[in-house]
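Novice: Following the hints, position chain H against chain V.
What follows is each chain in one-letter form.
There are 2 protein chains.
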Amino acid sequence: MVRELFNVRSVAVIGASENPKKLGYTIVKNLVHYRFRGAIYPISLHAQTILGIKTYTHVEEVPRDIDLAVIAVPAAVVPEVLRQCVNKVIPLVIVISAGFKETGEQGACREQQLLEIIAGSNTRLLGPNCLGLIDAASSLNASFAANFPAYEPISFISQSGALGAAFLDWISANHLGIHYFISLGNKADLDENYFLERLYSDKLIACYLEDIKDGQQFLQIGQKYNCNRPVIVLKAGRSASAAEAIRSHTGVLAGGYPLTKAALQQYGYIVVETIGDLFHTLKAFAWQPLPTFNRVAIVSNAGGAAVVATDTLIEKGLELADLSLETQNVLRSASIHNPIDVAGDALSERYLQVMEAVLQEEDVSSLLVILTPQVMTEIEKTAAYIGGMKKYGKPILASFIGGTLVDKGLKLLDERKVPAYHFPETALNVLAAMTWYASYRQRTAYNLPTPALKSPYYEEHHAAVNELYQQARALGLNTLPQVSVDELTRRYHIAAPESYVCKQVDQAVLCVRASVGYPCVLKIVAPTLLHKSDIGAVITNIKDEVALREAYYQLEALIRERKIADAAICVQKYIEPGRQLIVGATRDANFGTILLFGSGGIYTELLGDVVRRVAPLERAEMLTMISETRIAPILEGMRGQKAVDIQRIIDVIKAVEYLMQDYDFIQSIDINPLLVSADSICAVDIKIFLNSAKNHTTDNMIEH
Amino acid sequence: MVRELFNVRSVAVIGASENPKKLGYTIVKNLVHYRFRGAIYPISLHAQTILGIKTYTHVEEVPRDIDLAVIAVPAAVVPEVLRQCVNKVIPLVIVISAGFKETGEQGACREQQLLEIIAGSNTRLLGPNCLGLIDAASSLNASFAANFPAYEPISFISQSGALGAAFLDWISANHLGIHYFISLGNKADLDENYFLERLYSDKLIACYLEDIKDGQQFLQIGQKYNCNRPVIVLKAGRSASAAEAIRSHTGVLAGGYPLTKAALQQYGYIVVETIGDLFHTLKAFAWQPLPTFNRVAIVSNAGGAAVVATDTLIEKGLELADLSLETQNVLRSASIHNPIDVAGDALSERYLQVMEAVLQEEDVSSLLVILTPQVMTEIEKTAAYIGGMKKYGKPILASFIGGTLVDKGLKLLDERKVPAYHFPETALNVLAAMTWYASYRQRTAYNLPTPALKSPYYEEHHAAVNELYQQARALGLNTLPQVSVDELTRRYHIAAPESYVCKQVDQAVLCVRASVGYPCVLKIVAPTLLHKSDIGAVITNIKDEVALREAYYQLEALIRERKIADAAICVQKYIEPGRQLIVGATRDANFGTILLFGSGGIYTELLGDVVRRVAPLERAEMLTMISETRIAPILEGMRGQKAVDIQRIIDVIKAVEYLMQDYDFIQSIDINPLLVSADSICAVDIKIFLNSAKNHTTDNMIEH
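Chain order of the listed sequences is V and H. In this text, residue positions in the first sequence follow numbering that gives the first Met the number 0: the first is 0, and each later residue adds one. In this text, residue positions in the second sequence follow numbering that gives the first Met the number 0: the first is 0, and each later residue adds one.
So that you can see chain V by itself, here it is in the shape it has in the complex (with noise of 0.2 Å):
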């Protein structure tokens, strides 16, 4: 357990001023007009008094101690202010100020100074370029946001300062309170794992985020606490242009979105991707239970509304739930399927008869209700009654459509805090959260490993691997030869055709006469080939001997032709075609080794079909990735197809997650295609990037 965040009883404002115009005057202001509790100390060298409060001209001068500054002085200045804050033992800096790693070279050697100032000392630092912070439950607004929310257990850390402005004015509009507002700025020393690991007591957290800092921390800390505390992330960048903005806002290069999604979504976080979801689903989530399960009711006064929101609903991966007969009965007035129509001249006392109904039924795990403002609509009385369904403990989101009308339905759902919407779609996208959110706790059996050191096959076999590396290591290769590949996935039992490297023609006809059988396949291995086939660099069903020279004479001639550095030729048994999958591991340099499942082959970028988890990973776990792919019904046995063996590709997973832990060297390893029928499996191309090799990204494993 980790202490308390901040107890602050005393801050000093280093930059204050009288000015109304400067931020310096505005922080000042905000303490003051916040009534906050404890002492103010405002650091200014030209007035005595701020706002009636007498000033200093150092934090030194100050003669008790001050458990937090805020620093808003001129870029150029804060080293020198720092220093001082650091003399007189102040845990908590906030460094307002920008022009830092935002600005470039010369502001990143600046933020570097910074954090060789506070080196080995007592005080952290929040910062630099942020808006600030706000903690309700002390009345303090250490922060040039001119907003003081109320007290609500729920903290939102932003590494946006403007969207967190946005944010506190649409809280305080929607009747919600916050805990913490923390401002990230460029993280320098604090970042969102810092506050995310103390903020254990919220009852909700949100977080805006540009980049994750330390991504492994980042999901070690969602193990721990995301099954008690729902964090919601809308994490930015999905898109290169995108990355780019933040590359010029905030000076940080953004991570490749689709691991970073699935990474935080193993981990429990709550994944969203626009502002206004982020908004929206805060507030049911700070409002209502969670659902049970993923059916849900729809009541509605407006048929067509019901219906299009039944489609967003099934679009969501939500279900409608079945009613039983006798909630049929006592729906007989209004229509008796779900969604429920109750018709446009329902009046309040339907609603609620409706509700009532539904509610209690046992496949409803959460109620939506719909209104539109029609001649007999009870506006304010139905909506008196949606909050008084909250007995009934399960979640209920309300949608009224229209515009003057029913902003007083939507207003009063807000004080009895049943959140509500102007759409049903943005009701349901909020629901989906809220239902993946609750199956992602419920999957207890899931629970994620630890990290063993090593595999059972390590013991054994580490020596000769070593030596493989060795070998590849002396050539100066970044990639693991043919023969070494093959060594190593017969050690960790990976399934693989029968393979030799020739170095002449005869040599081939000999391997297959010998041992590899015809039809065989030849083929070019070279560590700079990724994409064999695309130019012709594999012959395969050969059925001769006459066949297999020719082969051999072809590719020799394209070597040559195409200039393939260490290439060699290398014989294999043919195997019959069965479906194509990929199955790969590789370093993330934030969130550690990736494994990945999918559909393979010529159709790998075409199908997009791929799926990613950090490991390790349970055998479970792995089952779980490979349902989630658009190949998984074939491979379990759709139309008429024979079922192929699931274990066994999870063996090969298993396999490739072994390797990754047990040598560092490896860089990312590439199994494509994977072939797969009912009653085999071979790994018919390996390959194994060495970690020495640069650039080796994820982005190599969907390559073939």
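Please note that a few of the clues may not be correct.
A pair counts as met if it fits within one copy or between any two copies, since identical chains are not told apart.
Restricting the straight-line Cα-Cα distance to at most 27 Å, the calculated cross-link-like pairs of lysine-lysine (DSSO-like) are [claimed, not checked]: (1) Lys-223 - Lys-212; (2) Lys-407 - Lys-28; (3) Lys-407 - Lys-87; (4) Lys-21 - Lys-87; (5) Lys-416 - Lys-390.
Hints are computed from structural coordinates only; laboratory data are not their basis.
Specialist: What follows is chain H alone, placed relative to chain V:
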């Protein structure tokens, strides 16, 4: 040209009432309160006057002509009063009353009765089971919606009355107006087509539809008007469950959504999928010019929000505009790249300066302005400046993120007719729809062709082809036998492998020896056999006579074992594997002949990579169709593959179109796979379903 919609100078309300709780009162009240300038005749058996207006007991009693009758009496009485309306020669009757098709069989009969009553008369009927009609230009509110919208040449046609009520409330709250609001109800007589054809002078139309009554006419109207007048359509029933909800709602079974969407977009309808998108998109189309292309500038005082907006922008197929060096100079104070971060302390003047510079850029086709409420932010002044930017003639949308603080700004933007939303993703969704429509209009080269009566092949071949059909018919078949298919495809120049149906094994051996050659393929052909490869009914790559005989016996055994009716065994030349495509066509009951192209073979369902179009199509549009598939880059030579000759694929699609056009007896054609490589194209498996066969919907097309 059809005449203007209605010219209503007098209205009778049948079932008028003094009781404020009755619809018959509300309707009279709405007419009076909206200040209808014509005569109002309440028809009531009980009251003498209603709201001070003299009543009559029957319409026939009214001494003057009546232009419009609104019926709000119990369903059982509707036929009787409708008959009186017909006698009185009232041109338009609105039946508000429910209790017709939407309630089941008995109601459907009653609805049929209404149609019989008006048959051959001059009376047209709107409804039954509807909310009525509003014509804001004539201050006519002949509905029970309690809204009196301002006039604007925008109409809303809705198959849900309740959604109409919500729409009207939203319209007023958003400073918009309307021309017609039309509640279609059960569409017994007048439907969407009737109104779409007549509302050609409005500048914008929105539709909510649960079914499209006459798809081909709907498309023709689109072809005629959609380039001049945008029509935004929300078509409910995307999901199966939603289709059920519709059935219970208006008693009409919805058609397949992907087909509907493709057909509507082909003819220029702007398809949206949520209620929010319908409302938000309408606002932007009403107020803003269209973008000339897809390049957008974003100006924001919140870097984070700009980054998230860029993510959405890219996902929607929009692009960030490039800025000239000149403009970058102007922007020096802000960040110089798009998205442009004017920084958190931006005053309205900085917004103004940047917006002006950006809007003068040639590469900027539209502008999104994002604002968050920070300490220095001048929300209202910035909103006013944004309003002033309309002079540049480019579409401008805004997103003011926050709560109470920004709401004033949003209201001001509404007043200045700048579509403004809380969240940038909403604005970008709308901008994507505008960009799509603008590009549709610009494709002037793509004039939808008028169907020629017969293809160029018809004259020479129709006698022989019809003979093939007669033979199949005589045998009672519902697919064309293989030999006939072979002849048909030869006559229409579809490249297919040489293929012979054999009665016994020796015949197969002779065929191969004399003509086909080794390797060859043997397969079972039978009318009931759709998924040949799934049951092992295709044996490929047969290399010699021994293998051929063995394969033949194997298929014979399979036919016996599976009791495949009317089966024959067919021998074919073996075609080297290439890209597997699917080409098909079917007659849809609603939209006519549909052409289909996509990825074929065993991956057809897995990929779901299929594009549909309504025939006839110009070759240029077939090319567009092909380019919309995910396999297109591979066909064009991605990844070192040789490009295939796309024109030869178009030849095949064209031939399929010709066949559908020339022979009504064909219900659908299914070529899967069509094998293509750099220098060959071959329709390996062709099935032709005959029209007598029931239930051959488009679903068959993705089977193989």
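Novice: Confirm or reject each hint.
Specialist: Evaluation of the provided hints:
1. Lys-223 - Lys-212: within (18 Å within a copy, 57 Å between copies)
2. Lys-407 - Lys-28: between (34 Å within a copy, 24 Å between copies)
3. Lys-407 - Lys-87: So Lys-407 and Lys-87 fail the 27 Å test inside a copy (53 Å) and across (45 Å) alike.
4. Lys-21 - Lys-87: within (25 Å within a copy, 78 Å between copies)
5. Lys-416 - Lys-390: Answer is within; shortest intra-copy Cα gap is 13 Å, inter-copy 44 Å.
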